[in-house]
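Student: Produce the complete structure using the sequences and hints provided.
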Amino acid sequence: MRNLFFSMIALTAIAIFTISGCNKGGGDEILIGEYGSLTGPNATFGISSTNGLKLAVEELNNAGGLLNKKVKLITYDDQGKPSEAQTVVQRLIKNDNVVAVIGEVASSNSKAGAPICQQNKIPMITPASTNPEVTAIGDYIFRVCFIDPFQATVVSKFILNTLKLKKVALLKDVKNAYSTGLADFFEKEFKNMGGEIVEVQSFSAGDKDFKAQLTSIKAKNPEAIFIPAYYTDVNLISIQAREIGLTVPLIGSDGWESEKLTEGKAKDALEGCYFSTHVSTENPDPKIQEFIKKYKAKYNAMPDAMAFLAYDAGLILFEAMKKAGTTDPEKVKNELAKIKDFSGVTGKISINEQRNAIKPAVILEIKGGQFKFKETVQP
Amino acid sequence: MTEFIQQVFNGLSLGSIYALIALGYTMIYGILRFINFAHGDVFMIGAFSGYYLGILFAFATVSGIASIGMALLIMLGAMIVTGALGFTIEKLVYKPLRKSPKLTILITAIGVSLFLEYGGQLVFGADPKSFPSLLENKPLINLSGAVIGSNPVVVLLTAGILMVGLRLIVMKTKIGTAMRAVSYNPTAASLMGININAVISFTFIIGSSLAGAAGILYGLNYPSIDPLMGILPGLKAFVAAVLGGIGNIPGAALGGMIIGLLETFVTGYISPTYRDAIAFGILILILLFKPTGLLGKKEIEKV
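Chains as they are written, first to last, in this note's numbering: chain A, 478 to 856; chain B, -7 to 295.
Be aware that a few hints might be false.
EDC-like cross-link-like pairs, simulated, lysine to aspartate or glutamate; straight-line CA separation at most 16 Å [said to hold, decoys possible]:
(1) Lys844(A) - Glu759(A)
(2) Lys697(A) - Glu676(A)
(3) Lys652(A) - Asp268(B)
(4) Lys531(A) - Asp554(A)
(5) Lys844(A) - Glu736(A)
(6) Lys744(A) - Glu128(B)
(7) Lys764(A) - Glu536(A)
(8) Lys546(A) - Glu796(A)
(9) Lys547(A) - Glu535(A)
(10) Lys744(A) - Glu842(A)
(11) Lys697(A) - Glu673(A)
(12) Lys558(A) - Asp119(B)
(13) Lys851(A) - Glu748(A)
(14) Lys598(A) - Glu807(A)
(15) Lys130(B) - Asp745(A)
(16) Lys547(A) - Glu506(A)
(17) Lys737(A) - Asp119(B)
(18) Lys697(A) - Glu(-5)(B)
Derived by calculation from the structure, the hints in this document are not laboratory data.
Tutor: Below, the structure is given as structure tokens:
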């Protein structure tokens, strides 16, 4: 009886190893991994980027696939937590044996996943992480968006030249690499251009009460407040700012990009505020309009910048694999580094020496809960 | 000066919510001598009850006086839901363990807390929800630039009325007298013919419904709710209850206000990074130097 029990365990173990071993070669499929925050406070980041990427994969497979194989996308939820991001990237590479990884939107999570891709020599493309340190992790890490020093310049120019405001307060999220990074770049750039930072206040992601910080900001009478943070926090911040009688415009960055930004009372609170981002859905460019049409047909929703960027991340990965003629990670990495003037839905993508894309930014204005195009800023 | 007035007001409206949650901790401790760590999650369920009731009643868009009635109705609904939840938790989980060692009940309470948090994630989803704006927030007072909105005033007033109501129940009614008797000496109380089970159930219902009301007030002030929202306010309210003297009802109210004000001042004038450290630092100091809390009385262990 005991022997039977042990042999059953042994058999199960063998079965598990064989099944997991089956994934190894990939067979007639190319396995691509993706990690993103499908749940949690920044859920729209992950949902939009997955939707965009799925669209790219689906179109590719409908057009005959890649290297005579179909591409299969494996997506895991990291709940927006860096520790979970590490776990799922490990799982993608070790258990699922993916040949490339796409993700994440939030810089803190990309910084958690990237070292694992680098160690295992698997190329990773982040669609929307703008913190410069992400791609500095290693030569296997790429991005298809601009980086924060550029975004800081764009916002500084916009505040000084377009809005003609000089006294700005800064409110940043100290738990978030993106927010602290962008805040620092902005502080330096804005002062260089002749602006004045009258107050710097901070909070931790997940806080609900911002009134103390906002009251301190109000006491310094700024003409605008720059808040490089994610949409869930900004939603509450904007409501509370108006509650304590702070009426100056709030200025944001691409972390604001979500339909949930203006949910509830924030719709009125954010009226007439601005943020910088990657793409405007009002852009008449046929490529953008066609993508919107396809996306709407499939998901019955408007795409946001994260969906556009993830779609482009997919496209340049397929392009690199096509050029390499193989999915061998090292060759794909070399081809990714050579991408020049690739025409994606977010514009021309050229990867520079730091493995970043050089692209223009747009400023959007919030009107009636909608994001309206204000201006484009070239790099 | 303007800034200071505004900060005081911010602190009071945050503190009144802590106070309401702290009352539940302190009442249950007073009767059963144990910390109900699931209390912060009952507060979360209160906020979610308000969220779903708000959606349910959304068809009746009302304004002015009627919206106050609607908000009161939703708050009452949330209080009934959380009161029923508190009653059920006590009957199903704590009652069978009443004769077990204190540690067993404490760990069970943590289990109930985790059950509510992650069960909540399963049922409500992990994403933050935007709490419906039950009352329009109008700038009420403008003191040379310090704008005080109507919602914080509503929060402060409602919390005050509930606390006075609780005081009246405990001091003036028969069940209140029974509660005090059980708190003083459960054995003697039961020998005098007091139905201890009924008193404990009643305490759980009242304490939990106050947490439910706090959930609604929290949603009104900070309209973003998620299943894990109860953890931190729950812990802070526990600190408030210990600060005021655990088991002491006015102490819980005072402790809540002190914690709310201190947090706001630390965030506004020092740094938000130290905010939580200071709340929990106070807990350590109180336990070291005045374990009975500000208003608590020394208890003599009788052997």
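Student: Next step is simple, just say for each hint if it's right about the structure.
Tutor: Here's how the hints hold up against the structure:
Restraint check for Lys844(A) and Glu759(A): satisfied, since their Cα atoms lie roughly 13 Å apart, inside the 16 Å limit. A distance of roughly 7 Å separates the Cα atoms of Lys697(A) and Glu676(A); the hinted pair therefore holds under the 16 Å criterion. Taking the CA atoms of Lys652(A) and Asp268(B), the gap is near 14 Å; set against the 16 Å cutoff, the hint holds. A C-alpha spacing of about 15 Å is found between Lys531(A) and Asp554(A), which places the hinted pair at or below 16 Å, so the restraint holds.
The hinted pair formed by Lys844(A) and Glu736(A) meets the criterion: a straight-line CA distance of about 13 Å does not exceed 16 Å. Taken as a hint, the Lys744(A) and Glu128(B) pair is honoured in the structure, with Cα atoms around 14 Å apart against an allowance of 16 Å. A C-alpha spacing of about 15 Å is found between Lys764(A) and Glu536(A), which places the hinted pair at or below 16 Å, so the restraint holds. A hinted pair counts as satisfied when its Cα atoms are at most 16 Å apart, and Lys546(A) with Glu796(A) qualifies at roughly 14 Å.
Only pairs whose Cα atoms come within 16 Å are accepted, and Lys547(A) paired with Glu535(A) is accepted, the gap being roughly 10 Å. Restraint check for Lys744(A) and Glu842(A): satisfied, since their Cα atoms lie roughly 12 Å apart, inside the 16 Å limit. For the hint pairing Lys697(A) with Glu673(A), the CA-to-CA distance comes to about 12 Å; that is within 16 Å, so the pair holds. Taking the CA atoms of Lys558(A) and Asp119(B), the gap is about 13 Å. The hint holds against a cut of 16 Å.
Proposed proximity of Lys851(A) and Glu748(A) is supported: the alpha carbons are some 14 Å apart, at most 16 Å. Distance hint between Lys598(A) and Glu807(A) is fulfilled; the C-alpha atoms sit about 7 Å from each other, no more than 16 Å. Restraint check for Lys130(B) and Asp745(A): the C-alpha separation of about 13 Å stays at or below 16 Å, so the hint holds. A hinted pair counts as satisfied when its Cα atoms are at most 16 Å apart, and Lys547(A) with Glu506(A) qualifies at roughly 5 Å.
About 11 Å separates the Cα atoms of Lys737(A) and Asp119(B), which keeps this hinted pair within 16 Å; it holds. Only pairs whose Cα atoms come within 16 Å are accepted, and Lys697(A) paired with Glu(-5)(B) is accepted, the gap being roughly 10 Å.
In terms of the numbered hints stated before, the structure departs from none.
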